[in-house]
Structure formats: C-alpha cells, structure tokens
Amino acid sequence: MKYIEDIGSYFIMLKKIFSSPTKTSVLKELIFKEIDDLIIDSIPIVAFISFFVGGVVAIQTALNIDNPLIPEYLVGFATRQSIILEFAPTFLSIIMAGKVGSFITSSIGSMRVTEQIDALEVMGINSLNYLVFPKIVAIMFYPFVIAIAMFLGILGGWVAAVYGGFSSSDAFIQGLQEDFIPFHIIYAFIKTFVFAIILATVPSWQGYYMKGGALEVGKASTNSFVWTSVLIILSNYIITQLLLSS
Amino acid sequence: MIKVDNIKKSFGEEEILKGITTTFYKGKTNLIIGQSGSGKTVLLKCLIGLFKPDDGNIFFEDKAIQNMDDEEQRTLREEIGMLFQGGALFDSMTIEENVMFPLRMFTKQKKSEMLGRVNEVLKRVKLENVNKKFPAEISGGMQKRVSIARAIVNNPKYLFCDEPNSGLDPKTATVIDNLIQEITHENNITTVVVTHDMNSVMEIGEKIVFLKNGLLVWQGDNDQIFKTDNQDVTDFVYSSNLFKKIRDIQISEQ
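Chain order of the listed sequences is A and B. In this text, residue positions in the first sequence follow the UniProt record's numbering: the first is 1, and each later residue adds one. In this text, residue positions in the second sequence follow the UniProt record's numbering: the first is 1, and each later residue adds one.
If we strip away everything but chain B, and leave its shape as in the complex, we get (with noise of 0.2 Å):
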C-alpha cells in the first residue's frame, strides 16, 4: 500500500501538484488518469524517486520516504519495479540481458539461476525465442511485454507504469493491460498505472485517481466512473465520440 499524503511539487514559479492526497491499495491496479498537463506523470516521478515533493509526504507500507536513509531507500528501490513509456529497454544489451539486469545488479544468483528466472519470466509475458534479439529488432509491443518481464523479474512489490499502452494498437494495448493486472493479482502487488487511455479505465480500473491541474477531483472505481456527475469527470470521460455514443445508446434504452 501506497499513501499520498499532501504532496507539492512546482518547478519554478509553475505548481504541477497543488496537494495530491490518496492512497493506492495492494494487490489492486490504481490508476491516475487525467488530461496532458494535470500532473499525473509527475506525481508518478515523486512515487519513484525521481522527483523529490517540496512538500508533503509519501508511505510505503506507513514508512515515509522522507525519513529513510540511504540505505533504506536503496532497498525500497529494489522493491519497485517500472514499466516506461517507451519501454525504456537499454539497447546494447539482448532481451535475455535486459531482464537479468536486475539480478545481476541486486541478486549473488548464479548465471544458470539467473537464466531459468528470465525463462520463466518471459515466458509469463507470453514471449518466447526471443532471448538473443536486441529490442530493436522486436516489436513495440513486445518490447512493452520485455519491460513488464524486467520490472517483475526481482518479484517487486510495487509495480509503477507510465502510459504503458501509448503507441500500442488497440488489441496490443487491451493484451498489455489485462498482463498488468494479471500479474497484480498474481502476485500482491501495489501497482500504480498512469494513463489517458480509456479502454484502460474500463479494463483494468479497480481504483481511479483523476487529476485536474495538479489538484485531486474525484477518485473511484471503473464501475463509478461512468456514473459520476462529476463535470470534469464526465468530460474527460465523454470526450471521445465512442463513448458518448455509448452513452447515447444506453440514455435511449432506458
């Protein structure tokens, strides 16, 4: 579990988050979602460390980051596991290096060990043969599904995905998102999705934080969502011309 408690961030004299407090369960998909420029990806860069709030806290399992030390956050950080944007898979290295990286940097496995962890992991991202090509030469999607394998193969607890379907076909993007809660379920772990993508919202949304100019407007599930009377909500929501059909569908049926 993840906890959110009033955080700030501003970069020069712009605020991004004006005080974002919530909090994001275990062994469920939270996702943050919001309009380009409402904050979401920075409150994920404050969840992992890579921007420090000017103010307010943050809790993993009721510990804030603010009062570990060096070393605890060391271990913290090996806890977390992150799926980029766009993968993120460093290039001079194969597939099968990609995944091993975590175990080589934090593990003393030995290789053998190391390899059938890989096997076994790319096997659950559903890629196979693949072990000796360079990301280049592999799909967007399958470079989506090796960046799920590398961010789960140390067993994190919390898992972390900015946008993991941006560039992704629909069908691509449906495959990633049910192997992200798949794998939450799976295993326990927090995991904390940011997206625009609706699909995702009605996929895999068991808990949904929407932003709006860095402020916190309405939080829920995928079932509420589309209930809310919410305006900022419902426009966010509506705004595509799928779902306002939907929409039009079901006021008409009833």
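Isolated chain A, as found in the complex (with noise of 0.2 Å):
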C-alpha cells in the first residue's frame, strides 16, 4: 500500500513541478546554476572513469582471445560495443545515481529540514518548480555528458590496446568501423534520456517528501541512490527490450 502511495505522490509531485511557473528572470539563473552543479561539476569524474574503463575493456578483451582466428580488430570491436551499449548510457548513470541524486536528495532534503521549503510556500511561491524544474530543464544536457564518456570511453580503449601491445592502431579502428549499426547510437541517447529524467526527478521526490531531521536526509539520500539505481536497470531492461529485441 505505501509503495501504490509513493507512486501515486511520485507522479502528482511530476504534476506540481510545471504549474504556477517561477519567474523567467529567477528560472534562468537557477537553470545555469543547476547545469553547473548537476553537468559541468560532473564532467571531470566522467572523463577520469570512461577513460580508465574504456582501457581496462580493451585489455581484458584483448587478453581473453587467445584463439588465432578470432580477428585482432575484435578488441576495438568489443570495446566499442560495451561503451556505446551499456557502460556509457547505463552504469555511468548509475554513478550518476551516486553523485548526482545523492546531492539533489540531500540539497532539497535540507531544505525541507530547515523549513526553506516552508519558506518559499508561505511567500507564495510553488517550491516545486522553483527547486525541481530547473534541475529537470539542466538535466537535459546529461546526453552531453554520455557523449563525452562515449568518446573519451573508446578513446582509452584506444590508448590501452594500442600502447599496450595489445592491438595495432588500424586494426582497433577497423573493430570500430566494422559492422557499425547507427540505430545503436540512437538506442543509447533514448534511454539516456530516460535515465536523465529518472536521476532528476527521483531524488527531487525523495528529498522533497522526506520527513524528520538531519539522519533522515542521510537515509533518504541512501534511499534515492538504491531507488534511481533500481529504476535505471529496470528501465533499461524494458527499453532495450522494446528497442533492440524485434
């Protein structure tokens, strides 16, 4: 029954936040500073993780062919797979989860605990879209971030195989080349969309309707990393059945 009642305050919650818009003016402001908080801050641990993971895909690829007829380009291949299909749109959004969500759950957590929500309320303002729609409005730039976590992903796969002896250059451009579906990149950016909205709005739910003191925010922010996690596999289960499966 209370799983049917946060749903059901979930998607009212969704309702709330594009009523009674804030003033232009103060909603552009609160949009740039949130892409900054929620995008750009994100940037630098995005590149340092794809990078590492593009590399550590290449050699463990490289390492498990030891049969002389598999091609060597199947390393650039393989690398180039798993970073578009699944690390870069799908587990990178779950360290998102992490970082992003805990930060949005704990940030409008306390300000439900300190009565800065009250605040806005009482003054007349719709504390909603003043807190959550600019969060959803910066959180449309999140495709960018998957893109540069694509790149850089590949590009340390690149890097490992080739100064790693594990593959030559032209080999690891020709996996990369080979056999591409350009349907597959369009997949990605679908459900990273998805998983954008997802990382936005849960944690806004989770942090906005959280009740009790400052160990409350702690456990709600635990709550919103274990719930957008878990709706972010789903999710990704369904669209990549829907998508990829006909």
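Treat the hints with care, as some may be off.
27 Å max Cα-Cα, derived DSSO-like pairs, lysine-lysine [stated by the list, open to error]:
(1) K63/B x K28/A
(2) K110/B x K28/A
(3) K212/B x K23/A
(4) K133/B x K33/A
(5) K52/B x K15/A
(6) K18/B x K211/A
(7) K132/B x K23/A
(8) K211/A x K212/B
(9) K15/A x K45/B
(10) K212/B x K28/A
(11) K157/B x K63/B
(12) K63/B x K33/A
(13) K45/B x K133/B
(14) K28/A x K52/B
(15) K52/B x K211/A
(16) K133/B x K123/B
(17) K23/A x K133/B
(18) K26/B x K2/A
Honestly, the hints are just simulated from the structure, not real lab data. As the structure is a computational prediction, the values presented were derived from the model and not from experiment.
Relying on the hints, combine the two individually framed chains into one complex.
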C-alpha cells in the first residue's frame, strides 16, 4: 500500500512541477546554476572513469582472445559495443545516481528540514517548480556528458590496446568501424534521456517528501541512490527489449 | 485583523485543534502560547496556509481564505511575512540575496532600488556590513534578525513568527521581541507570535491566546495573565521557579 501511495505522490509531484511557474528571470539563473552543479561538475569524474574503464575493457577483451582465428580487430569492436551500448549510458548513470542523485536529495532534504521549503510556500512560490524544474531542464544536457563518456571510453580503449601492445591502431580502428549500426547510437541516447529524467526526478521526490532531521536526510540520500539505480536497471531492460529485440 | 472561526484540524485519528475561535488584532503583537503539543504551531501553520483546516474558517480582513481563488490566495501570500523558528534563510544565498528574495520574486524593481530597500531593512533590524556574508557565517541572533528583515522587506500586512526566541540567550531574545513589537507598531501590521517563552509574554503580549490540548482555554493581555485564576494558565505561567519566586515575593509584600 505504501508503495502505491509513493508512486501516486511521485506522479502528483511531476504534475505540480509544471504548474505555477517561477518568474522567468529567476528561473533562468537557477537553470544555469543547476547546469553548473549537475552537468559541468560531473564531467571530470565521468571523463576519468570512462577513459580508464574503456582501457580495461580493451585489455580484458584482448587477454581473453587466445584463438588465432579470432581477428585482432575484435578488441576495437568489443570496446565500441560495450562502451556505447551499456557502459556509457547505463553504468555511468548508476554512478551519477550516486553523485548527482545524492546531491539533489540531500540539498532538497536539507531545505525541507530547515523549513526553507516552507518559507518558499508561505511566500506563495511553487516550491516544486522553483526547486525541481531547473534540475529537469539542466539534466537535459546529460546526453552531452554521455557523448563525452563514449568518446573518452573508446579513446581509453585505443590507448590501452595500442600502447599496451594488445592491438595495432589500424586493427582497433577497423574494429570500431566493423558492423557499425547507427541505430545503436540512437538507442543509447533514447535510454540516456529516460535515465536523465529518472536521475532528476526520483532524488527530488526523495528529498522533497522526506520527514525528520539530519539523520533522515542521510537515509533519504541512500534510498534515493537505491531507487534511482533500480529504476535505471529496470527501464534499461524494458527499453532494450523494446528497441533491440525485434 | 485576522479572525479564526471554529478551526479544527486532525492528523489521522489524532485531533490537534478542536475548534479554535479568536481574533488577532491589527497593530498589536498577538501571542499564541501553550505547552508543547498544545496545537499552537498547527494553528499557526493553518493561518499561513501550510495546513488546510478540516473545518472552520479563517478571515483576513473579513475575507475567508477558503473562499479565495488561486490569484487572491497568491496576493494574500505576498502580504504575509514569516519568521521561522530556525530562521529558514536560504543557505546558498548571501544575506543580501536572502533579504532581496521576496522583492525579486514579486516586484519589478531595478536592482539599485531593491538594494536600497534591502539596506534600509537591514539597518532597521540593526545589521550592517553583513550583506555579502552567508547565513552560516553569522550568529543565531543575527540570523533571526535577517529573517525578520526578509519578512518585512515587502511591507507585509501580516507578520507571523514561530518561536522567534528559541535557541537565543535572554538578552538577544529580548532584542528580537522588542524588534517584533516595534515593527508591528511602526507599520500597523497584524503580528501573530507562537511562543512558550514567558519573558516574551511579559515583554510583548498585547493579546494572548492560551491553548491546551487543542482548545482555547484563556485569552487576554500580559497584565491579565498574571491575575487570572484559570488553573491551566497559572500552572503554565508559574511552572518556572523564577516566576514562582516573583509571585511569592508579591504575596509576602501584600
């Protein structure tokens, strides 16, 4: 019963976010601030993880190919497929659920605990629009982060494969081009878009409707990470089934 | 003036307000007092619209809040200033931005005009040279004063204060009390203060409403509260040793 109530309040929250908009000039500033907090600040960690995981994928693939009949370009092919289809959109989104999601929940939760949300409401401001709408707009730039992750992941794979002596540069690049299906990119960005919506709204819901004090803010942040991750994994399965299995 | 007519509010099975009827007067500091759990904060939250009463009416200048459309309610909220228990200042904004916030949201003033007004109200609450500081960088008493400045920057008709003295030393608490009363008189606004601090009752209680278990059991002013023979009120007033001793001295002098 509690879960049904929670799902209901989540969708009511989504509706309220888009009603009674905040003054445009104020909203514009908030959106730029959120782009800085949620997107720009995430780029360094995303770049670091993508580059090295791309490298590890290339090394692991190369080390597991001991059959001489398997072409050398498979290293590049496997790296491309792993990075574009799953690592960049899905696993980075789970990492972002920890970074961005926890940040959103704790910042909104702290405002709830210290009555800052009540202060907004008393002033006649739609606090959901003021707090969550700019985050949703900012997170629309999340696919750019994933595009950077895809590029750096593959670059990391190339560096590891070529400079680690696992593959020649030509073979790796041939693998990148082999059996390339452009729809895979579209599929990756469709699911990135869905994950972005989950990343902005689920942690906001957790923070906005939390009750209690500082300890509960911590619990809400943990719950936020768990539920955001679960929803990302579930929606990944459904989207993959719908878009790739036909 | 705010009239409260038979307000009831329950949470689940628990009835918090059991039918409160009273009037809060313009140009006076109206106090809601009572023990913890008596329903005073719930009554305040009904007045400021954070809780919707289950039954009864609240009238702002003879206009029932329940009958107002969205636009009227929004206009009313712009006429309300609120001082929260913890200040509720926005952590991510400087003091200047906090005080300017209602002006930015509800007026079309130029930045220079807004800054002028911000400096004026900060001066009124006796705060200077704190404009660029963040709330975490100033003391609790200063935060309360900034919160008062934010509450009055838009010239509200109604000022609500939720336990303005909590967490403050007696001297700072008196400063805050006096500031609230002075602002009420200067601007002729309707001020409602929730407190359980007897010093506040003595200092600024021009109209006092005493709640117990969700019922209004007594109302009067700060002279009458020390003379009443209402047992619930005397139990509350003389629960502190200081007030007991003052009463004993008065009796022995008589």
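Run the structure past the numbered hints and jot down the numbers of the failing ones, going up. Failing hints, ascending: 1, 3, 10, 12, 13, 14 and 18.
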